[in-house]
Amino acid sequence: MTEPHDPVACLLSALEEPEPPQKLRERSLARALAAWGRPPVADPWSHLWHSQPLRLAWAATVVVLVAANVAFRVGPYARPRTVAPAAASRDQAGFKELEAIVELPRVRPEYAGIDAPRGRATRLRSSNLTTQHHDMEDKS
Amino acid sequence: MEAVAPLMTEAVPPAPGAARTGVWDDASAWLELFHELAAGDPEKLGQLYDLASRRLYGLALWRTGSRELAADVVQEVFVRIAERREQLGEVRDPRWWLLSVTHRLAIDAVRRALRRHAEPLDEHAGLAAEPVDDGRAVDARRSWALLGRLSAKQREVVYLHDAAGMSHAEIGRCLGVPTFTAASRYRLALKALRGLLRSTT
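Protein sequences appear in the order of chains H and D.
Counting from 1, one number per residue, gives the positions in the first sequence under our numbering.
Counting from 1001, one number per residue, gives the positions in the second sequence under our numbering.
Next comes chain H alone, as it looks inside the complex (with noise of 0.2 Å):
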């Protein structure tokens, strides 16, 4: 029983870095020397950082951002706030029973979660009957 032989194991092991041309050393350095005679380019970022102009424009433009967003939040313009057709309708006839019906049952106090320390879930469910009990005593 031979090893299981793995092509492409075999494959990678024999990669290696190729040999670059002979002659791109000449020409690489030719034109790194005859870049190096120019004037260095300056990196944008800090051309940006060191010119006045383009500073004073950045502070500008993030300045009236900053007015353009409180300006439409709170101030003259601000738009009125959009309300969602499903809280229109709250004033609407019918409302209770839809909610009645929507209404979660573990957002329910008497409700716990089925993984509540045990004891919980029957101490507000005593605790709710007791307070039912007491309504119906008041009623009568």
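Worth flagging that the hints you see were computed from the coordinates, not collected in a lab.
One or more hints might be untrue.
As the list claims (entries may be wrong) - Just the calculated beta-carbon pair ranges, DEER-fashion: (1) H:Trp45 - D:Arg1112: 19 to 27 Å; (2) D:Lys1191 - H:Glu19: 42 to 50 Å; (3) D:Leu1188 - H:Ala71: 46 to 54 Å; (4) H:Gly37 - D:Ser1199: 50 to 58 Å; (5) H:Gln52 - D:Ala1039: 23 to 31 Å; (6) H:Ala59 - D:Gly1046: 40 to 48 Å; (7) H:Leu56 - D:Gly1046: 19 to 27 Å.
As the list claims (entries may be wrong) - Below are the SDA-like pairs computed for lysine to any residue, each with C-alpha atoms no more than 20 Å apart in a straight line: (8) D:Lys1044 - H:Ala34; (9) H:Lys23 - D:Asp1050; (10) D:Lys1153 - D:Gly1176; (11) D:Lys1153 - D:Arg1084; (12) D:Lys1044 - H:Cys10.
Unchecked claim - Quick look at which bits of chain H chain D covers, simulated, 3 or more residues with Cβ under 8 Å: (13) 6-18; (14) 50-64.
Ideal placement from N, C-alpha and C gives every residue a C-beta, glycine not left out.
Using the hints provided, position chain D relative to the given structure of chain H.
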């Protein structure tokens, strides 16, 4: 196997990560070299070429798939070094800076040459498939053809991992992608290679 012989004789004895010499890993030597260049010593360009050219050329070649474009990229990297010489002193790790610049310039070169016919990868020398055992030697030309069918991103990651001996974290740093992305690309490349090998056998 006749096709394999010339490639194997041309190539330097293969060893994954063999190019990771002590010089490449010595960050302080690179920093010193970059500081000397930033100080205005153009004589150091030759030293930099001798140290970095092989890895930079390999990365450009595997990314572009063209020897011509790869040579252009290496030249462009050295022009960039000369043009930005004043900022070289601020580079934290020259090795990753050089590889990142090469990576970006290679992408640009491929974009520029999209309409031109690129030289197929399987014509390049520089990959040797050394027979691990006599009966199961991998044909170097076939391997080139298979690697050429990977996407440029996958090929680049395979090169950096298996030829340059870099870790996924180093590859991610070089390519400007998260380590996970680099590892994922490598894994997908291996999967694709396995599929290609199965389909051709």
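In rising order, the numbers of the hints this structure does not comply with:
2, 7, 11, 12 and 14
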